[in-house]
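Enquirer: Sequence:
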Amino acid sequence: MKKDFSRRDFLKAAAAGVVSTSTLGILSGCSSGSPASAPKGTYTPGTYTATAQGMGEVTVTMTFDENTITDVVLDLANETAGIGQAAKDTLIAQILDGQSVQVDGVSGASITSKAVMKAAADCITQAGGSAVVVSQGSSGSAGDDWLGQAPEIADGEIVKTYDYEVVVIGAGTSGTFAACSAVEEGAKTVLLEKFGADFGGSGIRDTIGAIGSKQQIANKDNPDKFDVIRLMYQHSQGYGDQRLFKVWADNSGEAIDWYTERLAKHDVKVLHEVDNHATGEKYEFYDVGHSVQWEGREYQSQFTMFLLLEDYKAKGLEVHYDTEMIKLLKDGSKVTGILAKSGDQYVRYNASKGVIVCTGGYSNNTEMLQALQPETLKMTGVNRSFPGSSGQGIRACLWAGGIMDETHAGMIFDRACVKPDATGPEDAGWFWMGSQPFLKVDLKGRRFTNESGSYDHILHTAFNLLPEHTYAMLWDANYPEDIKRFESHGCSRLYPHANGTESVFPMEYIQNVMNPDLHKQGYIVQADTIEELAGKLNIPADNLKATVDRYNELFDQQKDQDFAKEPFRLSQLRTAPFYGTRQCGGYFIATMDGIKINTDMNAVDQDGNVIEGLYVAGDCSGGYFHGSYVNLLAGAAAGRSTTFGRLAGRNAARRKA
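Residue numbers (UniProt numbering): 1 to 657.
Be aware that one or more of the hints could be misleading.
Claimed, not checked - Here are the simulated distance ranges between beta carbons:
no. : residue 1 : residue 2 : range
1   : Lys246    : Gly608    : 35 to 43 angstroms
2   : Lys220    : Ala314    : 56 to 64 angstroms
3   : Gly343    : Gly522    : 41 to 49 angstroms
4   : Lys545    : Thr423    : 21 to 29 angstroms
5   : Gln149    : Gly343    : 21 to 29 angstroms
Derived by calculation from the structure, the hints in this document are not laboratory data.
By construction, the Cβ of each residue, glycine as well, lies at the ideal position given by its N, Cα and C atoms.
All chains should be modelled from the sequences, with the hints used to inform the complete structure.
Expert: Here's what the structure looks like:
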C-alpha cells in the first residue's frame, strides 16, 4: 500500500537516511508504440524477477518451462489500495491466459498495468526469450476512435433506480466542493465515486488559487483581478474565455474563505502564500496561492476531502462508492440523470435539478492523448495523474450533445530526469529540483535558453529545438544557498514563503532523501571536476568546461549578457562536489481542456445553447487553458476547480425542476 507520511516524521527519517522517493511513488515514463507479445521459442526454464515503477515499485516474478509461462507472482504492495492492488488477480490471469506481456490491463489501474507489463517483459528477456520492448504510449490510431459510441443498456438490465435532486460525479477537488455547495442550498444530493471507500476519490489539491480572500486583503496583497485576468488571457494566447476568468476572479475569494473556515473547525490551516516582490524578477507573478499547512500531520491527498465529506454527510449528503458513470440520460434536450455501474450491476440515478460532471481529465487515457495532444505523450517522463483521469466524463458529455475545446492543454512540469546515457523520457525519475533555474545545457555542452520562468517552457524549447529532446542541469555544493536565493514560486519553492507559509516539499527532503535516492539509482551523477562531470553525463568535456567558465563569468558580472536571466537567479559552479543529471520529458499532472461551459457552469451544445440540467466543473471542463499551464499563478487550476465546483453545486440546486 502507498504509505502516508508526516512532515515531522519524514524529516526525521530523512536525516537518518531511511526514507526513499518510493514513499511518494516514482512513475515510469511514457512513449509511443505498441506492446509486444512474448516471443515464441525456447525459454531457459527457471524463475525470474524484475521490477518497474507504477504508483510505487512493482515486482513481477515469472516461472517458465521450455515453451510456456507457468506461473506469475505480482507484488503490488506499493500500489494504491482498492485500485492497483485490486488488479492483481486479473493481471496474472491475463498474462497466463495470453502467454504474453500484452495485457488488456484493468480500468482505472492503467499505471499499475503498464508497470506490470514492463517488468514481465524484463522477465521474458531474462528467460532467454527475444528482447521485448514495452511502450506506454497508445497502440491505437490517432483518429477519433477514442470517443466511441454511448453504450445501449436495456431497461431490464437496470436493477435499481435512485431519485435525487442533484447528482455529482467524481470525488475530487471540484466534485467535493460541488456536492457540499448543493447540500448547503438544501438539495437532496448524492456524490458518486467510481473507486472504493478506502481510496475515496482523488481528494483536493494542496494549493488553491484565489483573488479577494480575507487573508489576501488582510495581508494587503490582493492582486488586481484584471491584471491576473490579462496574464491568464495572454498565457492562453487568446483561447481562454475572459468571461470565465472573471467568474473565477469574482468568486474565488469566497470559495477559499469557505474552505478555510470549514477546515479551521478541524484545526487545519489554509494560508495565503506571500512571496518577495523586490527581487527584480522579470516574469510576472501574483500571490494567488492558498495552501494547506500540514504541520506534522500525515500527508494524504484525500485528507481534507474526507473532513468536508464527513461534515456534509451529517447535513444530508450521500456518498456512493464503487459507482462508475456509464452515460448521461436525457429527456429530449434535457439531462435528467445518469446510468451507472455499481459492481456488476447497472443502476439509474435520476436528477430532478441537475447532474454535475467532475470526473477529471484524460491524462491516463493514452488513446485520447494520442489523438488530442500527442506532443504531451512524447514529453512525459513521470505521470502522477489522479487514477480516475480516464476521460469518461468528457466522453459522456460529448455523447449527450456537448462540445469540447478544439485546442488542448496539459499541465506538465520540468521535474523528470533520465539516466546519463538516455535521450528519451523512458524510465524517468521524479526530480522535484528540476524547476530550479540552474545552468542547463544541451548534449553538446552548450547553454541554449534562459533557465528562469515557467515550469514547462524549457520542455517546449527542448522538444522543439534539441534533436534529442534532452538536456542536462548542473549545480555545485552550494546549491541549497543558491535555491534559497532563487526565490521560486508555487510548488517549485523549497523554502517557506516570505510570510512563513510551508513549501510543498522542504529543502531537507530534497537534500536528504530525494536527491540521494536519485544518485543511488544512477540518475544524478557527482564529480570532483567539471571535466569528470562531463564524462559521467556523456557530454563533450571541452565544450562543457567552456560553457561553465562563461557562466561563472556572468555570475561574477551579475549580468547575464547571453540570455538576460535575472542576476539573483545566476549561480556559479566552483565548489566541488559538482552534480548533474540529464532531463528529458516532464512530470505530467493533468489535462486541462474539456467540455465547453457558460458562466453558470452549464455545458453548451454546438450552437452555444445550454444543455439544461448538465453542469461541468474541474479538469473535464473547458474554455480556460490552452497549450500549457500558467505556472506563476500558484493553484490556478485547482482554483478553477474549487470555485466552479462550488458555483455548479449552487446553480444546480437552485434550478427549478
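Enquirer: All hints are to be evaluated individually against the structure, with a verdict given for each.
Expert: Evaluation of the provided hints:
1. The beta-carbon spacing between lysine 246 and glycine 608, approximately 18 angstroms, falls outside the hinted interval of 35 to 43 angstroms.
2. In this structure the supplied range 56 to 64 angstroms is violated for lysine 220 paired with alanine 314, their Cβ-Cβ distance being about 37 angstroms.
3. A hinted range of 41 to 49 angstroms for the beta carbons of glycine 343 and glycine 522 is consistent with their spacing of about 44 angstroms.
4. The hint said 21 to 29 angstroms for the Cβ distance between lysine 545 and threonine 423, and at roughly 22 angstroms that hint holds.
5. Between glutamine 149 and glycine 343 the beta carbons are some 24 angstroms apart, a value that agrees with the proposed interval 21 to 29 angstroms.
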